[in-house]
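Asks: From just these sequences and the hints, can you work out the full model?
Order-wise, the sequence lines are chains D and B. Each residue of the first sequence is one higher than the one before, starting from 4 at the first, in the working numbering. Each residue of the second sequence is one higher than the one before, starting from 2 at the first, in the working numbering.
Calculated directly from the structure, the hints in this document are not laboratory data. In this text the structure is predicted, and so the values were computed from the model without any measurement. C-beta atoms are modelled at their ideal positions from N, C-alpha and C, and glycine is treated no differently.
Residues of chain B placed beyond 12 Å of chain D at every Cβ, according to the derived structure:
hint	residue
1	8
2	30
3	70
4	74
5	75
6	80
7	81
8	82
Incomplete in silico selection of chain B near chain D, CB under 7 Å:
hint	residue
9	101
10	121
11	122
Here are the computed distance ranges between Cβ atoms for each label pair:
hint	chain 1	residue 1	chain 2	residue 2	range
12	D	61	B	135	24 to 32 Å
13	D	145	B	51	29 to 37 Å
14	B	106	D	61	30 to 38 Å
15	B	141	D	107	25 to 33 Å
16	D	143	B	134	31 to 39 Å
17	D	146	B	98	18 to 26 Å
18	D	40	B	111	18 to 26 Å
19	B	136	D	115	32 to 40 Å
20	D	111	B	73	55 to 63 Å
Read off the chains here:
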Amino acid sequence: MAPSITRREALGGAAAALVIASCGGGDPAPGGGPRPGSGAALLGSLLALEHAVVAAYAVCDEVLRGEALRNARAIEERERRHVTRLQGLIRGLGGDPPSGRSPEEYARTFPRLRTGRDALRFAEDLEQRQLRAYLEAVAELPDLGLRSAAAEIAAEEGEHLGTVRVLQGLPAAEGPFVTGAL
Amino acid sequence: MAASSDLELLEDLLALEERLTSAYEAALRRDAIDPELGDMLLAHENAHVEGLQRALRDTGGRQSPRASVPPPELNTALRDRATFARYALEREAQAVATYRLVVAQIASANLRQALGSIMACEAAHQVALRNSLGDRPLVD
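Replies: Below you can see the structure in the form of structure tokens.
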């Protein structure tokens, strides 16, 4: 039986996705339309991360089965809706939403997933990173409406994270503060 | 001005968390929840209460500003584990909705992020409760 990926390897893959998302490496930055400080650039970073996560779930789907696959597909569908929502918000600020890379380009940066367990571990790391990114955005976005949208998506990411943990047989929440502390 | 508004928002959250804490304590006493799950949820809610009390003190508020009475539905919900799980699910969903509003509104950026981490925990509680009912962890 093929060895499962370690948490470090999963994190490496998630980190790669984050690098793709935040640094672009070909992802165009939001266009010159929005005013500086509008939040469009931050939303563009979140959108780039969402593109990478959608691609990651498509790769996870290849090794997941049964209930895990059904839930992963449900999460993937929600992530696609987040993509659409962020695109609308960026356009509303006069920006040009960044498009993602091809699935093949993303796949090259992900760890090799041999089992469903590998996929769920990878998904957990991705969801943690997404949640952290949205909560940082909630802290930084200048406009109440944008913060509301980011908070709404962050709550859904919290559910996704709980779901991929439960599917691994773990408690839904690792602790009372999912990222950070009060 | 902004500080007093933040105080009110934190007081609302504290009252909400205290209601959740009371509900899980009662459910554990009456065996209306699996003890392992109930202990975890209660520990999280207690940590949220402590964090909010600290945040209230730091913002210039008083500790435990409001007394609350357990809602009458709680007694009915305690009759069996499935009924309580559905009751708790509704309360957790309300908590997530309230945190979503507060996280966006509160003036302090640091508090926004920290309260968001509690919101994510409450969202995960919904997953845990659905799982305890044998439902799919994620619903649309």
